[in-house]
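Protein chains in written order, with the working numbering: chain A, 8 to 217; chain B, 472 to 632.
There's no promise every hint is true.
What the hints assert, rightly or not - Here are the simulated DSS-like pairs of lysine-lysine, each with C-alpha atoms no more than 27 Å apart in a straight line:
no. : chain 1 : residue 1 : chain 2 : residue 2
1   : B       : K509      : B       : K480
2   : A       : K192      : A       : K148
3   : A       : K11       : A       : K148
4   : A       : K20       : A       : K148
5   : B       : K509      : A       : K192
6   : A       : K11       : B       : K480
7   : A       : K20       : B       : K509
Claimed, not checked - For each label pair, taking beta carbons as the anchor points, the in silico distance ranges come out as:
no. : chain 1 : residue 1 : chain 2 : residue 2 : range
8   : B       : Q572      : A       : R115      : 22 to 28 Å
9   : A       : F32       : B       : S575      : 27 to 33 Å
10  : A       : D171      : B       : A519      : 17 to 23 Å
11  : B       : S591      : A       : T95       : 29 to 35 Å
12  : A       : H99       : B       : G537      : 29 to 35 Å
13  : B       : A519      : A       : R174      : 36 to 42 Å
14  : A       : D171      : B       : D556      : 28 to 34 Å
15  : A       : T157      : B       : P622      : 39 to 45 Å
16  : B       : D556      : A       : R37       : 43 to 49 Å
Quick caveat, the hints were computed from the structure, so don't treat them as lab data.
This one's a predicted model, so the numbers in the text were calculated from it and none came from an experiment.
Idealized CB from N, CA, C, for every residue including glycine.
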Amino acid sequence: MTDKRPLREQFKKLLQDENLDDRGFAELERLMDAETRPRKRAAVGRHSLLATAAVLLLMVAGYLVWQPSFPSESQPGVPQRIAEEVLTNHIHIRALDLETSSLEEIRRGLDRLDFVPVASTGSVDSGLRLLGARYCTLQGKIATQLMFETEDGSIVTYYQTAYDPGRFGTLPDIDRHQQPLVLFKRGIEIRIWVEQGVVVAQARAGNVVS
Amino acid sequence: MFNRDELNKLFHYCLALTGQREDAQDLLHAALESYLRKRPTEIQQPLAYIRRIARNRFYDQLRRRGVVQFEPLADADLLTGSERDLESLVIDQLTVRQLWQQLSPAEREVVFLWAVEGLSASEIALQLGQPRGTVLSRLQRLRLRLARDFPQSMKGERHDG
């Protein structure tokens, strides 16, 4: 299921598999372009004020959208860090360790997990088709990514790991009727909650009516 | 000026320092911007220079945030080993990902120079301006962490290639 290679090679692969995405590369290209064209900078001085104002306005709007809907009892930054990890895994889809539509098979097959994957409330009876799962990590803890497909063919991913309040802080518990944290990042909607003692994070394209 | 491959190499280094993609992109952006503003003409190796800017910036940020990295004193037992002890270890992807998340920035930097750049402990020590013993100690600590936290991964195969 997971291949063994020399330690040095694994570290090298781990790092070299993480490349700049198109957005990051484009930003650096723009930076290089802007800094190497000094004559143009003087000419756009007047327009840059308006552009800066527009950017600030967008940033404020983005910050307001970003606010989690749960009182900040969680450790500062933890939901955002979870969201960042989930976003990366959702965008950079990796091969499944186990292809199956059976959660029971996943529970048996992914035997290195230190928890039992739950049939999460969000995925049950919601028209999602389970495609399989793979091992991953979430904030350093062993986790699993469950991959689902919607009726229109888009991908929804769930991340589950054992809930450790010391590591994750206070997160909304849906077993106690609390609402999940909802965050948006780069067009992806990310929901985070605790269910049956398991941290669950869901990632799907935003603007989806569910 | 710098192509995608060169920028990715810088990104990998920043990722080794910060441990997070977004932070790595921000650090690279800031370091590149700093270099482009100065554009010192005497610099023969701009990529190495930008890496140095990124490194200084990163550790300055840690100091300003009051993040102090305490490391155990170099253990005499650790110093008797060499990086060859690590060369013989064979592990799987999942374990290396978990191990990576446990490392401190200083350890990640050493791992980057050892694994990605292919440097020896002596060469890493020269580049970082640190004693060879410190570098060896950080590398050997990887082996100890694996044995302590992932004992299952150490069973069985050893690589003799």
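Here's how the hints hold up against the structure:
no.: 1; hint: B:K509 x B:K480; result: holds (21 Å)
no.: 2; hint: A:K192 x A:K148; result: holds (23 Å)
no.: 3; hint: A:K11 x A:K148; result: holds (20 Å)
no.: 4; hint: A:K20 x A:K148; result: holds (20 Å)
no.: 5; hint: B:K509 x A:K192; result: violated (34 Å)
no.: 6; hint: A:K11 x B:K480; result: holds (25 Å)
no.: 7; hint: A:K20 x B:K509; result: violated (34 Å)
no.: 8; hint: B:Q572 x A:R115: 22 to 28 Å; result: holds (26 Å)
no.: 9; hint: A:F32 x B:S575: 27 to 33 Å; result: holds (29 Å)
no.: 10; hint: A:D171 x B:A519: 17 to 23 Å; result: violated (41 Å)
no.: 11; hint: B:S591 x A:T95: 29 to 35 Å; result: holds (32 Å)
no.: 12; hint: A:H99 x B:G537: 29 to 35 Å; result: holds (34 Å)
no.: 13; hint: B:A519 x A:R174: 36 to 42 Å; result: holds (37 Å)
no.: 14; hint: A:D171 x B:D556: 28 to 34 Å; result: holds (32 Å)
no.: 15; hint: A:T157 x B:P622: 39 to 45 Å; result: holds (41 Å)
no.: 16; hint: B:D556 x A:R37: 43 to 49 Å; result: holds (46 Å)
Hints 5, 7 and 10 from the earlier list are contradicted by this structure; the remaining hints agree with it.
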